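A.B. asks: The residues making up each chain are set out below.
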Amino acid sequence: MPGDPVLSVQGLSVQFRIGGAWRAATRGIDFDLAPNETLALVGESGCGKSITCASILGLLGGEGARVEGSIRYRGREIVGMPESELEKIRGKEIAMIFQEPMTALNPVMPVGEQIAEAISVHLGCSRAEAKTRALGFMERVRIPAAPERYRDYPHQFSGGMRQRIVIAMAMACQPRILLADEPTTALDVTIQAQILAELRDLCANLEMSMVFITHSLGVVAAIADRVAVMYAGEIVEIAPVAELFAAPRHPYTQALLQAIPRVDRETVTLRAIPGQVPAIAEFGSGCRFAPRCPRASEACQAVPPELAARGGPEGHRVACLAPAPVRERAS
Amino acid sequence: MSFRTTVFATACLAAAFTQAQPATAAEKVLRVGMATGDIGKIDPHLAAGTQDKVVVGWLFNGLVRVKPGEATPKFIEPDLAESWTSSPDGLSWTFHLRHGVQCHQGYGEFTAEDVVYSLQRAADPNRSAYSSDYKAIKAITAIDKYTVQIDYSEHVPSVLGFLINFQGGNMVCKAAAEKMGADFTKHPIGTGPFQFKEYAPQQELVLEANPAYYEGRPKIDRIEYRFIPATAARDLAFEKGEIDIDYGQTDKTWYSRITKLPHTKVVAVEPTELYTVHINESHPPLDNLKVRQAIAYAVPRDALVKYRGEEVTRAAKSVVPVGYLGETDATPLFPYDPAKAKALLKEAGYPNGIKLKVVQTSLGTMRDTMEVLQGQLRKVGIDLDLQIVEHATFHAQIRKDMSDLVLYAAARYPIADTYLSQFYDSAATVGTPGAVANFSHCNVADAEIRAARTETDPQKQLALWATAQKKIIENVCSVPVYELFNVWAISDRVKLGYELHGALSQGIPIIPATTIE
Amino acid sequence: MPRPAGSAAGRLARKLWRIATANITIEAGIVLFLLVVAVAVFAPLIATHDPLDQDLFERLGTPSTEHWLGTDSFGRDIFSRIVFGARISLVIGLSAVLTAMVVGSFLGVLSGYLGGWVDQLVGQATNILLAFPSLILGLMVVAFLGPSMINLIAAIALATVPQFVRVARAPTVALRDRDYIQACRALGFSPLRTMLRHVLPNIWPEILVMATLWLATAIRVEASLAFIGLGVKPPTPTWGGMIREGFENILTSLWLAIFPSLAILVVVFALNLIGDGLRDALDPRLRKDE
Amino acid sequence: MARYAILKLIYSVPTLLAVLTLVFVLTRVIPGDPALMILGDQASPQAIAALHVQLGLDRPVWMQYLHFLANVAHGDFGKSLVTGQSVVDLAASVLPSTLELTIASLVVGTVIGVPLGAWAAIHRNSMPDALVRAGSLLGLSLPAFVFGILLLIVFSVQLGWFPVISPTGRVSALENLRALALPALTLGILMAAYIARVTRSSMLQILGEDFIRTARAKGVPWRMVIRRHALRNAIIPVVTVVGLYLGVLIGNSVLTEMVFNRPGLGKLIVGALTQRDYPVLQGLMVLYTLLIIIANLLTDLAYGIFNPTVRLR
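Protein chains in written order, with the working numbering: chain A, 3 to 333; chain B, 8 to 524; chain C, 16 to 305; chain D, 8 to 320.
Hints listed in this document are in silico derivations from the structure and should not be mistaken for laboratory results.
On a predicted model such as this, the values are computed, not experimentally measured, just so you know.
It is possible that some hints are incorrect.
Claimed, not checked - Reference listing, derived: stretches of chain A covered by chain D, where coverage requires no fewer than 3 residues with Cβ under 8 Å from a Cβ of chain D:
| hint | segment |
| --- | --- |
| 1 | 89-97 |
| 2 | 103-109 |
| 3 | 119-133 |
To be verified - Calculated cross-link-like contacts (lysine-lysine; reagent style DSS-like; alpha-carbon spacing at most 27 Å):
| hint | chain 1 | residue 1 | chain 2 | residue 2 |
| --- | --- | --- | --- | --- |
| 4 | B | Lys353 | B | Lys364 |
| 5 | C | Lys30 | B | Lys386 |
| 6 | C | Lys248 | B | Lys313 |
| 7 | C | Lys248 | B | Lys364 |
| 8 | B | Lys362 | B | Lys347 |
| 9 | C | Lys248 | B | Lys349 |
| 10 | B | Lys362 | C | Lys248 |
| 11 | C | Lys248 | B | Lys259 |
| 12 | B | Lys407 | C | Lys248 |
Stated by the list, open to error - Here are some of the chain A residues that sit facing chain D, going by a computed Cβ distance under 10 Å:
| hint | residue |
| --- | --- |
| 13 | Ala56 |
| 14 | Leu59 |
| 15 | Leu61 |
| 16 | Pro112 |
| 17 | Gln116 |
| 18 | Tyr152 |
| 19 | Tyr155 |
| 20 | Pro156 |
| 21 | Gln158 |
| 22 | Met171 |
| 23 | Ala172 |
| 24 | Ala174 |
Each residue gets a CB set at the ideal place from its N, CA and C atoms; glycine is no exception.
Let the hints inform the model, and build the full structure from the sequences given.
C.D. replies: What follows is the structure, given as C-alpha cells:
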C-alpha cells in the first residue's frame, strides 16, 4: 500500500458511564487506513464497530461518553480536538454513511438541500452553486430525474434511493475518508449489490479511503481490501481480505467464517458459536472471547492478548495467545 | 421561523394601525368612566340602569326641568315649554313651547307634535317602562305648532313632576323615533345639549356637542363615556388622568382614598337610593308579626351606615326616602336590639332560629348589602340561604314570590306617593294583574295611600301619607336599611359652571357652560 | 381468572407506592398536596376565627397578630377563610374529576367496544365538548343552571369527561378484535365486563396522570368561575371569590388578592408536580432513555 | 389544499348544527324572562305579554327552533335584547380586539416558549432544564387573572409604563400596542409555559434521532443543527398543541378582558350570560364554534406546512 496512512487509530478506547461507573465499550483499537484503501470492520452487533466509527468523527463527546487513545487524521489528532475544528473535518475530510436510510435523513428538509447543506457549510459557496454541485452528485449516485426531485422530501423516496441520497450527501465535499456504517443492511438484496458497486466505483473515482462496517462477511469479500474482525469491543484479527478468508487465525474469526452458509463449497457444516457475547459490564480483564473459546487456557483469562503478527505475515495480525498456525496458502 | 415571526409582527402592526387615527388637538373632550360592562338602553322611556339614565340626562329635555345641579321639585323651571297655565280644577294644563328648538342631527324643529308623540309613547306600556305614571292622562292635544294641552281624568299629586326631564317626562323627536323604531334605543334623538355620535360595545359611547342647542353650543365638544366595570381599574384610570369623571363606589374606603387625591372633587349626588328589605308576609313564618319584628330588631342600621361610610350613606328614617314630599320620621323605625330579636323569635316559637330563602342579584352594592345583612341576621339565629342570580333573573324571581326577603334599592320621583303606591299598595302586589313592586304583600295602608293620591288639600294629603307610613312600619311590611348616594370623583380640570347638589339623572349634568381645561 | 381480592389490592397498593416514590417531583407534589388536604380536613382546628363572622368595624384590616392575613371588606378573617376555602376547592375539584373519570372511562370503553352509532355519537359529542374551552363550558353551564356546588361540579365534570373518553376509547378499540376477547365472548362471559378487566389495567396509569392534571385544571376553573362571579353562593369562602373581592379593593388592600392567589398557586402547582412526575415515571419512552 | 379545507368545513356542519341545537335548547331553559330584560323592572304585565308576541316567544318551541335555524342560515342572529344592536354587528365590533389579543399572545407564547423549551432540552438534566421545567409548571399553575392582576399592579400602577384601561377609538398604533402589551403578556406567558413543555419533550425526542447525527456528521455546526434540523422537526407537534390551545386561549381571554377592561368576545359572552341576552348568546356560541373550527383548520394547514410528510396536494 503506497503512502502514509490517512487515518491512524491507536489504543482507542471508548467508555460510557453506566450506573455511575465508567465502562469501556471498546478497548485498545489499533488500525491504519491507507489512501484509497477500503477497510472492513466486521463483527456482531454491539461489538463496537459503530462506536469506533462515531469516535473517529468526534461524535461521542458530551456527558456520559469518554474517548481515550489516539485517532490521527493525516497527522492531526482528533481525540480532544475542539468542536469547531472537528466541524471542519466532518463531512469535508471524513464523511459518514449510516445504516438506516429511513431515519438518517431530516424528514422536513428537501433532500437536495440536505446535500447542498454540507457543500455550503464547508465550501462557503452560494446557494445556486451548492445546488448545482448537489445536483451533480445526485446524478452521480444515479437518482433519476434529479433536478425535478431536488425539492422532494425523504418520504417521497424508496429506501434504496434514500441511501443513494445519503451517499451523495457524504460525497458532496469529496472527503478523503468515507465511514460507511452498514450502508446496505436495511436494503433489499438486489439494491444492496447496486449500492455496493456504486460505493466501490465512487471510492475508486474519487480516490477515497473507506472504513466499511458490516456484520456480513459476504459484503466484506465484495468491497474490502483489508478486514478487521471485532469482538466485544476489540479487534481480534486484522488482515488483507483474501488472507483472512483463506487463513483465519483467531478462533472467533474461524467460527464466524464457519457460520456463513456458502454455496461455493461442497461440505457444509454450519456451526453456531456457543455462548453469548458478554455485556459491557461483564467484560473481564483477559481475552473477552475466552469464555466461548474452545482453545482457551488459563493465561487467556489473565491478560488481554495483543494484536500481533504472531508468526504470520506483518499485514495479518491476530489477538490470540493460541492462534491457528500459519498455513501455506495454496495458490 | 423568521418568516413566521415576520408574518405575526406584520399582522400585529396592521391591527394596530387600522385603529390609528389622529385626534384633533383643540377639541375639548370630557372622558367619563362608568361602572358598567356596557350600556343598556338609552331610550329615555326605557332606560332603567344608572349607566343609561346618566346618558339620557345629557341627551334629552322635558317640558320643564329641575334646575341643573338640583334634585328636588322646588327647583322646577321652564325647559322646552317657556310657560304654562292650568284650569282651576287642575285637570287641564296648557304648555307654550319655546320656538326654534332643533332636534339632533337634522330631524327638524321640536314642535307640539313631538310633545304629543312623546307623552303618548311614555304612557304606552309597550313602549315605555313608566306608563303607570301617565295613567291619569285623558288626552294630549296639539293646539298649534307651539301649544300643547294635556287633560287629566283625575287629580294627580304632581303634574309638573312627571313632565320634567326625568324618565317618561323626557321628550323624544317624533320623526326620529318613528323612523328608527326599535333602533332608537341605541341611536336616540332628542333636543339636549349633546347628541349621539357613536357606540362601541363594551367600550364606550361617544356624544358630541349639539351645535343647535337652544341654550347655545356646549363648550365641551365631545363626551367619551367609557365602560369600566372594575372599580380599581376605573380609579386608577382617573388617578392617572385617563378619565376626567369617575363613577365612584358608595363606600367609605373608596371615598377616603379618592378624597386624598390632589386636584379632585368628590361629590355625593342626590337622589339617594333607599335600600329596603321587603318581608314577604305570604311566606310562613313571616306571616307572624313577631318574626318580622325580630328581623327589624336585628338590623344594626347605624352600624351599617358607619360600615359603608357616613359620607356616602345615611340611615333610613321611614319606608319613604328622606326628603320626599310627605316623608316623615314621626313613627320611628325599630332600633337595633339583638336580644329582643332573639326573644321575639323564641316567643314566636322559633328558639333555634329560622332559615329563610333569599333570591339575590349579583349586582355589586345590592349583593354586598345583602351579604352584610346575612352576617348580621346570622347573629340572632336568622339564617339566610342566598341564591345569587343575575339581575334579570332576580327581577323575574322576586316577582314570582320566590324569595322570602327582597332587598330592593330604588329612587323615584321624590314624592311619597310614588314609593307608597309602587311598594305598599296591595294593588301593586307581585303576582297580581296590577303588579308593580309590592313584594311584601303589604295591604295595611291601601286606604290612606289611595286617598292621598287624589287629595287636593296638601295638609290632608300629608296627614294621610304619615298615617300610611305609620301603619306600614308598625306592621313591618319591610325594614328600610339605609340610603346610598351616587358618588362621583371629578377632576379639577372640569369646570361644571353651576352648583352641584344633586341630579335626578344620577349623573353629573353637563350644561353648555361646562368646560374642561 | 378470579384472584384473591386481598393480594390484588395489595399489589395495587405496592404498585401505587412504587409510583408515588418514583421521583422527587412526585414526592414533593404529594407532600404539598397532602398538606393542603390536611388543612382542608382540619380546617375547624386550624382556623383562628369563624370564617363567616363579620366585624363591621374591622374592615380591610392589615395583617396583624389578631388577623394573621388581615380582614376582608366585611371584616372577616382572611386566614380562616382561606383555610375553609381549601375545602370548597378540593371538594369541587375532586368530585368533578372523579365523576368525569368514572363516566368518561366508562363511556370511552363502551363506545370503543360497541363501535357503530354509539361510537359515532359519543365521538361527536366528545369532539364538540373538546372544542369548547373548559372555562367557557363551565361558564355556560353555571350561568344556565345557577351557581351551586352541585352545578359547579357538574359543569367542571362535563368539561373534563371528554378527556377521559379519549384516553379510554383508543386502547379499547385496539383490544376489541383480539382473539381472547372474542374467545371470552364465545365462552359466554359478559363482553363488557371482560373489556373493562382487560382495558382498565392498560389505561389506568394514563388515567391517573390525566386525573391529577385535570384536578389542577378543575381547581383553576372553579377559581376562575368564582372570579367571574359564578362561584358557590355566599357567604361560603372560596379562593376565586376572595380574589374577586380583592381585585375590587386592590388599590387599598393588595393582600386581599395576594393570599388566596398564593393558595391556588400552591395547590395547583402541587398537582402539576405530581402529574408531571407521574408522566415521566409512567412514560416508557422517557424512562428508556433516562 | 383548498379542497381539503372545503371538505373539512363541510364535515363541521353537523357539529355546528349540534351546537346550534344545544344553544337553542339551553337558552330556552334558562330562568329569567327576556321581555322583562328589555322592558326593565317597572314594566307592566301587558307590556311583557305584548313583547312576548313580538319576540315570537308565544309560539310553540319547535316553531321557534325552525325559525331560529332559518334565520341563522341567512346569517341573521337577531338583535341584542339589551342594546337592540344586531348580534352580527356586535360580534364584529369586538372580534378584532379578541383576534388581536389572541394573535399577540400566540406570538408572545411562541417567541418565549419555543426557545426556552429548546434550551431546556439541549441542556437536559442541568440547571437550565430544571429552571424551565419549574418555571413552566408555575406558569401553568397560575390562573390567568392572578397573573394579569400582578402585571397590572407592577407595570401599570407601580411603574406606570402601560395604561390601566385600553384606549378606545382613535389612538395611535403605538398606544394600541402599549395597551395590548400587558394583556398579551398575561395570556402569552401562560401559553409560553405550555409551549415550552411541549417543545422540550418534542426536542428531546428529536435530538435522539438519526438525522441529527447525520447532520453533525456532515460537519454542520451544532447551533445550525439545532436550528435547521432539530427545531424544525420539534416544532411540528408544537403546532398541533398550539392549535388545541387556541381554545383555551380564547377561554382565558374572558379573564384577561375583565382584568384589563378590554372589549372582546369573552366579556361579551359573560355580559350576555348575565343579562340573559339570548340572541347574543346564541350568536356568540356559534361564532365560538366557528372560530374553533377555523382554528383547527388553520392548525391542520400549518401542520402541513411544517410537516411535509402530510403535506396535502
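A.B. asks: Each of the hints needs a verdict: does it hold here or not?
C.D. replies: To see whether the hints hold, each was checked on the structure:
1. 89-97: holds (count 7)
2. 103-109: holds (count 5)
3. 119-133: As far as the segment 119-133 of chain A goes, the hint holds, because 4 residues have Cβ atoms under 8 Å from chain D.
4. Lys353(B) - Lys364(B): Holds, at roughly 20 Å.
5. Lys30(C) - Lys386(B): violated, 52 Å
6. Lys248(C) - Lys313(B): holds, 26 Å
7. Lys248(C) - Lys364(B): holds, 12 Å
8. Lys362(B) - Lys347(B): With a Cα-Cα distance of about 18 Å, the restraint between Lys362(B) and Lys347(B) holds, given a limit of 27 Å.
9. Lys248(C) - Lys349(B): Distance ~26 Å between Lys248(C) and Lys349(B) Cα, so the pair holds.
10. Lys362(B) - Lys248(C): holds, 15 Å
11. Lys248(C) - Lys259(B): holds, 25 Å
12. Lys407(B) - Lys248(C): holds, 21 Å
13. Ala56: holds, 8 Å
14. Leu59: holds, 6 Å
15. Leu61: holds, 6 Å
16. Pro112: Since the shortest Cβ distance to chain D is 8 Å, the answer is holds.
17. Gln116: Holds. Min distance 8 Å.
18. Tyr152: violated, 14 Å
19. Tyr155: Check passed: Cβ of Tyr155(A) comes within 4 Å of chain D, closer than 10 Å.
20. Pro156: holds, 8 Å
21. Gln158: It holds, given that the least Cβ distance between Gln158(A) and chain D is near 9 Å, below 10 Å.
22. Met171: OK, holds: Met171(A) within 10 Å of chain D, min 7 Å.
23. Ala172: holds, 8 Å
24. Ala174: Holds. Min distance 8 Å.
Taken one by one, the earlier hints fail for this structure at numbers 5 and 18, listed in ascending order.
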